[in-house]
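Top to bottom, those sequences are chains A and B.
First residue of the first sequence? That's 1 in UniProt numbering, and the numbers climb one at a time after it.
First residue of the second sequence? That's 1 in UniProt numbering, and the numbers climb one at a time after it.
Warning: the hint list may mix true and false statements.
Given that identical chains are not distinguished, each listed pair holds provided it fits within a single copy or across any two copies.
[What the hints assert, rightly or not] With a cut-off of at most 20 Å between alpha-carbon atoms, the simulated EDC-like pairs for lysine to aspartate or glutamate come out as follows:
#1 K266 <-> E101
#2 K442 <-> D239
#3 K124 <-> D26
#4 K266 <-> D239
#5 K284 <-> E146
#6 K124 <-> D239
If you are wondering where the hints come from, they were derived from the structure by calculation, not from laboratory data.
Number of protein chains: 2
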Amino acid sequence: MSDEEIIDKSVEKSQESRVETNHVSDSLTLLLYLGLLIVTLLTVWLFKHHRLRYIHETGLAVIYGLLVGAIIRYGSQPSEFSVRRFNATGSLPGSDALPPEKVLVTMLEIGDNNQSRVYEYDYKRRLYGNEVRSPILDEKATFNPEVFFNIILPPIIFCAGYSMKRKHFFRNIGAILTLAFIGTTISCVVVGSLVYGITRLSTGIGSSILFNECLLFGALISATDPVTVLAIFNDLNVDVDLYALVFGESVLNDAVAIVLSQSIEKYGALAASAGGIQGEAILKAVLSFLGVFFGALGISSAMGCLTALITKYTRVRDHPLLESSLFILMSYSTFLAAEAARSTGIVAVLFCGICQAHYTYNNLSRESKESTKNFFELLNFLAENFTFLYIGVSTFTYSSHLWDPVFIFAAFVAILLGRALNVYPLCLLLNLGRRNRIGANKMHMLMFSGLRGAIAFALAIRNTSSSVRKMMLSTTLLIVIATVLLCGSLTTQMLQWLRIRVGVEEEAPKRNYEDIQSGSEAEIAMASAANRGSNRAWFARSWHGLDNRLLKPLLTHARPLLTETCPRCCLPLAQLLTTDEQLTQASVQRDLIADNLDDAPPEDEASTSSTGPAAGGNFNDFGGLANPAGPGQQNVVVRADLGGSNV
Amino acid sequence: MSDEEIIDKSVEKSQESRVETNHVSDSLTLLLYLGLLIVTLLTVWLFKHHRLRYIHETGLAVIYGLLVGAIIRYGSQPSEFSVRRFNATGSLPGSDALPPEKVLVTMLEIGDNNQSRVYEYDYKRRLYGNEVRSPILDEKATFNPEVFFNIILPPIIFCAGYSMKRKHFFRNIGAILTLAFIGTTISCVVVGSLVYGITRLSTGIGSSILFNECLLFGALISATDPVTVLAIFNDLNVDVDLYALVFGESVLNDAVAIVLSQSIEKYGALAASAGGIQGEAILKAVLSFLGVFFGALGISSAMGCLTALITKYTRVRDHPLLESSLFILMSYSTFLAAEAARSTGIVAVLFCGICQAHYTYNNLSRESKESTKNFFELLNFLAENFTFLYIGVSTFTYSSHLWDPVFIFAAFVAILLGRALNVYPLCLLLNLGRRNRIGANKMHMLMFSGLRGAIAFALAIRNTSSSVRKMMLSTTLLIVIATVLLCGSLTTQMLQWLRIRVGVEEEAPKRNYEDIQSGSEAEIAMASAANRGSNRAWFARSWHGLDNRLLKPLLTHARPLLTETCPRCCLPLAQLLTTDEQLTQASVQRDLIADNLDDAPPEDEASTSSTGPAAGGNFNDFGGLANPAGPGQQNVVVRADLGGSNV
């Protein structure tokens, strides 16, 4: 072995031991998070066991995170990196003013043989102000937002769609859409303007913020996440319509806030440039908003329908493991496809969840129904608690916080007012057209449910390159922690003060009858009768018709047959698309319905509008083999059990 | 806004669009892999549906991966990065000869205001030879081995332990341990020496390989992975002892190969330095091997027992979601704890899986049993297929392959001979002490089952810094692909040629009786009777006693009570550690046993040595509520179903 080789080996050895040290510290960091999660779970269990309900698991996760974050920050010496500094020149305009994506460093050995080695470096970030001069610290506990957005968040959002109680959601779809679309926009504009106005009065960092940056903050902080409130609603069986409103609004306003903040980021600077507000840029922003939103909707329905078709027309259900894997892969592909198409994966995966629950779920084998439900429930639970833990820890470990008291004050005032100007006027407006009116106490509860959580945090941490962005992240962290801890612990009292009914049983308990009759001719007849008499909106009516007569028969094994509902000219195609299951199911169902119709009264309008997997009428489920209630309904049971069934 | 700020914003905007482009291409790459997995699954389903068994899903994954890898390599233009080069000096000895971990680049603007911006860069790797001069290409499809080792591999290995058929495994424990420990060491030394010998004859890159590097190659290539063979064994119900031998050897030799390669990496150079072989370094290597191995064993049993104790003594089972999450978190913590302690996580997670199945599984609620089993099965299936897909794709997309024909030839010859010198002599030796002898046809089958797979690949890709390491990776890829495709497709014919019995039913079908009697006084009596008569090894006998009299009563709700088995002095402690479940269970069980003993003959020795979760005698399971067979046994059913129950 030559001298050169010996030196080479020795450098390689030192480098290897450095890599190993890094690996050990990575493992320790992850272990810290897992340990915290385990402690959180055990505490949650203790609380539940002793029937304490002051605090939800996410609140606990935040508190433990804060504690450990503080210990890491003040108790440990952050390790420094070895750093070399180089200078380069570049000129604008031109791409050489951009930071190069890679840097190659040639190390020349000072010695006899003037050996040189070349190392490759990857671009990480731009450094600002103080960071340039201070040593670069090891920030293990604060990790990559890309991982967060692409790995942690999708299962949470998918699960929200997959386990949704679709029946009540669709019954209140008008109010939910209004609150989510118009409400979030109102909140965004109000928060943006107020923050802009108040910060003008100060002289701190906050005063340098531009109007479009305020709007961006308004958009990202408008995403509500009342996970603690919903958990308590579930435990106490709060009024189902209130539940649907709070849940539906929070899920959809996440989507709206994400798309809104993307559009503002792209066109906000343009719209607010040159002193005034430019119409063209605003139009572009609106178009971009619509493009991204409907793009995500399109991709998710396409992927959802494709999964439904595959599970319907192949016998992949004979192999549940293959089937479940296919289901999971197709769902995650929806996220990636939307991201690759420069739309938004989070919105796509939400609608994909709804679509999979509404169609594909019915085609799955019993085992796959169980295992996909369990799989996503577990992932959701772990990811959600991890997120709040992470919020707690990074509040202390993130080293470039920027706290501007005026901005923080402005933000808190603005979100309160923004929420109020969103909830109350819109609810009053909605009440004009609703039979089942939203009472004042429910409005207060909606107002109260405006907690901020994972999405607001994720949007804020996505980009922390400038000082204004850093200030936004710090403020968002404060808001999330304050609302989660405060609102989370006051929910039960709030329900009492507002005299909101708890312990409400589902008004029309499920009868066997409902499982059987849906999708049958009997239902169609009743549904149209109900529709004629009801004041349901045109949109909901026509959707219901399309869903029952075309989509369900096409995508699932549900009745009626396509051959019965389609026009005569398409009959051959319809016959081709009807499976044997659908045909054999028909006669059995008809008999059962005949038996049942005598002793069961016709369902009210609500139940015929049910679009749950149960109503899909998968015959294999009918015999009571497994959960006939679908992932949404089933989830309620599990959650209720989790959330303290021992009340 | 000042000029400076405008320039700043414009640079930031370009940088943001660059980040976005990167994100889109990342999403596309991942989407490609998911798409490939989906296609693989659908093809697998088609094959199963039409009862073709020429090829296993992992073989299919490799083939699809190769196809797509070739398309990426030859069909697409790899994008280049923008690169800046800098020079630096350093002198040995001293840490400034090591590459700095971070590089800061200050970009000076050539213009009116001489503005500067500072960017941070992270160390990636050292470049060798040609790489220094050629442009740096985008290697998206070839990803981080850290992700592979820390995320993809642990669920596969855990699942192997968790779903193991422990009964047959423990019955053949002596043979398995011999083949795994002594066999793998033989194989490592034989392969290393042969490769070293043959490469001396050539003049290519291979000839510069050192003896310790050959040994390292011998260690990493000795990890077998007969997943395709085992799947077919399962489908065809091959002789259970042969199954246990092939499975047990492959699982444990992974562990041995991992630890062996670590020890060789650390002490190999030392041991082979200065021309000769140094005794001290070899001793150190052996000690390091033992330390790492027993370290992993200790950590995994500690964590496994802790999980068992938590699930036994708290009522966390009232909340299945909490319980399953706890189970998953504790299991993954075992991996991280071992890695953080500089032991080996893969070995720890394997034993953790066995321990969790043996003790904790019995304490879980019915829902958690189901959901953890499904969860790990799904993760395992996805991770395994992904791995083989990735092996296929990266064969083409990895750009620094080094193919040395002599080395490749040497490697193929060496692994054949190494396997033969491992299997045949050891089996002959084992036959001297075995009642149930290993026939010649089974030896041939064991020889044939020496496929290489995920672990060999993972060990090879872990470090590709030098040219010898690159050559090892390239050769390992070839060996994996060749053995998976060749042996995978020939297994069925091989079984016919060797006249190995297929369609063997479990010799003693499970009776209700077995579920009840285990753990009872009746069993203890019978077991000791059987032990007296049997020629079971001292180790297995004393382990069985300890397990039944102390560990199971302590860690699970199984009988006999600790108060019955422990010495008189520890009685108060034993009473404290006995749960109400154990006490109430006792009387019911006794009655049932009395009922059953009359009409059920005593089990043979094999079944009393069963240590499966079923034998653990969790009373809640006994009523036939759920799978009383534990994760291992249950898994067999699922696998058989998957692997073509329609034979």
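* First find the shortest C-alpha distance between K266 and D239 inside one copy, then the shortest across copies, and answer within, between, both or neither for a cut-off of 20 Å. => The answer is neither: 41 Å in one copy and 65 Å across copies each exceed 20 Å.
* Evaluate K124 and D26 at a C-alpha cut-off of 20 Å and name the case that applies: within, between, both or neither. => Answer is both; intra-copy 18 Å and inter-copy 16 Å each pass.
* To do: Can you give me the call for K266 and E101, within, between, both or neither, at a CA distance of at most 20 Å?
  => neither (23 Å within a copy, 35 Å between copies)
* **Within, between, both or neither: K124, D239 at alpha-carbon 20 Å** => neither (50 Å within a copy, 56 Å between copies)
* Asked: Are the CA atoms of K442 and D239 at most 20 Å apart within a copy, between copies, both, or neither?
  -> Answer is within: at 10 Å inside a copy they meet the 20 Å cutoff, but 67 Å across does not.
* Asked: Checking K284 and E146: alpha-carbon separation at most 20 Å within a copy, between copies, both or neither?
  -> Cα proximity of K284 and E146: none, with 27 Å in one copy and 43 Å across.
Comparing the model with each earlier hint shows violations of hints 1, 4, 5, 6; every other hint is respected.
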